[in-house]
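S.K.: In the order they appear, the protein sequences are chains R and C.
1 is the number of the first residue of the first sequence in my numbering; add one for each residue after it.
1001 is the number of the first residue of the second sequence in my numbering; add one for each residue after it.
Errors might be hidden in some of the hints.
Distance windows between CB atoms, simulated [to be verified]:
(1) C:1110 / R:336: 48 to 56 Å
(2) R:165 / C:1110: 29 to 37 Å
(3) R:182 / C:1025: 37 to 45 Å
(4) R:41 / C:1219: 35 to 43 Å
Derived by calculation from the structure, the hints in this document are not laboratory data.
Because the structure is a prediction, the values reported are computed rather than measured.
Glycine included, C-beta positions come from ideal geometry on N, C-alpha and C.
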Amino acid sequence: MLSEKMGRRKFMRHISSAFLGVVGSHFWSGLPLADAEKKPVLEYRILGKTGLKVTAVSMGVMNCSDPAVLLRAFDLGINFYDTADCYMRGRNEEMVGKAFEGKRQKVFIQTKVHAHEEKKMRASVERSLRRLRTDYIDVLVWHNLSSPEEVSDPKLFEFMSKMKKEGKVRFVGFSAHSRMASLLREAVKSNLHDVALVSYNFTHSKDMKEAVAIAAKSEIGIVAMKTQAGGYKREKMGGLSPHQAALKYVLMDQNVGCAVPGVTTIEQIEECAAVMGTSFSKKNLDELKQYQSFLQGRICTMCGGCIGACPFGVPRSDLLRVVMYHEGYENDSLVRESLQKVSREDIQRCSECPSCSIACRRGLDMKAQIQLAKQILS
Amino acid sequence: MRYKKFLLFVFAWVFIWASGSEGAAPIESLIPKRDLPREWTLIHGPQTYNKKTLFEHINGQAELYLKYGFRQSVFAIYQDKKKAENQIEVDIYDMGNVVQAFGVFSRFRNEDRPGGFGLDSYLDDHSALFYKGQHFVLFYATESNPDILKLFGKLLSSRISDSTPPPKEISFFPKHGLKPGSIQYFPEGLLGHQFLKRGFQGTYVDGEKEHHLFLAIFKDSQEAANALKAYKEDLSKKGKVLSGGSIPFEARALKGEDPYQGKVITLQKGFFLLGAVGFQNDDDAENRLKEFSEKVK
């Protein structure tokens, strides 16, 4: 745990400054099996002005592969589920509707609508209600707003008000994947939204954290998505499994109403649920630091920003491409294809070279990359 | 003899070169600009996306594509010259291989309404989708327009020259009782279980009840055996492991009750685990599984 000397404020500052910037790709890693017999300690929070008492760890359904995962989440006590009209062309909503038939009063469902003319939006809401097998949606959010003008668009709000009046929707909000801090600030000004579904994780800036705090103060319920910041398969991260740490980091912020990590399996939702009632430790901080460095500098992104050239003419980009296809894309056929372009001699020469004259402006460790290429070739 | 060998060598290289050059063709070249259905014209694109930029185009849904091995995509919009609001959007996704292309297709198709293009397709009033080779193609029409969607479907399908057949695993599923268009491919989390990893699942209809057959695919037989063991442990913790009711056609098998899937029988065949879940009648399930097992090669 934290030493007294470090103090909470310093600790928070430390974390904020440590994790500015990068958001990685959005794969979930392989996770260890959670102990099925352990029931999580449920932690409830009030979702802003909606007054809904939601579980701090809730569920993003988008990538869920089977209704069994939803049923397991329900059994674990998770009560808030995020889906969308467009996920798998409506099949995702259908899965939610089927899984929670007969349990509707015990769960809160959030789904989405895209901004169109009223006729189309109404049809979309009606389709969602049919697929979800319900006569009301707990939270309906505008999907992916990207400008402050959209957030305070009175026409959109007029439609949402109608949906509320007609009893089809209880609460409304918006979702955003970019420019989130400015959109949250605009939402505070416009005072039209009950909920904001925003991407929020340990890689985000202090500005975002402040915007979340301002929005929460105005009683906008913050639903955090993309909480895990992506990642690669566990075995490729040297056994590191930072996902509980990433989730804890988000929930440590009491301005967050709930987090909706996207899960695909029973084991993943069990691991996420187990985060409730636990605190963020020094070990978690170390895990996130490692995770951050993994996301930042492990793989060449072919940005073209290499500095210097190899005096022996080794085609470094081909070597780096092999690593990228292997570690990043995990595509064996591309690896084979790329390996045809490099010779064992090149790799040998590279790995034996005492000082590589090429540098990466992103801080990628060139020598480590060559070693990886050598391993792949062998 | 030497001459024949040389010829074979040359043919092999020509074949490899031809396949390689086809794969290397830029994805935007699949978007037709001429010879379009009458009165239709390209008004936007081709706009390409990669793994990093796909989010800009389809937001969070990009995650699903990435799970299925997405490599790149191209987007375009066509318009009816006579009626500007009548538009068709098209996305072509390069999913890396035919299994992954089928996988995405299978997750997006919500019933069996074939349109007659690609290796398999779906067509309704406002949308059409199909897969062919490593490509998954999705159309969306702003106005109800199934006829034009069909024309575009056929046109794009003809431009994808990849002749890779559908995933062979689809043919393993017994036809009798199979709900049309129900076979799906999951790149992970088959039946919601991490340990089952990737595989196929098909739905069978018995009267009003439905159950599933599944085929989990592993790297080798040891990995399959480990998964069977994990399933047994999982059932013993959360459900039931049943004895008796022997399955005569395989030694490595498991019977039990999954709390979320219902009754389950699964057996190992080489690097596969195949099984039935959610069935009512044990005999029927075992017979269907036997037929399934015989087809799995």
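S.K.: Now look at each hint and say whether the structure bears it out.
M.R.: To see whether the hints hold, each was checked on the structure:
1. C:1110 / R:336: 48 to 56 Å: 36 Å, violated
2. R:165 / C:1110: 29 to 37 Å: 31 Å, holds
3. R:182 / C:1025: 37 to 45 Å: 41 Å, holds
4. R:41 / C:1219: 35 to 43 Å: 37 Å, holds
Checked against the numbered hints given earlier, this structure breaks only hint 1.
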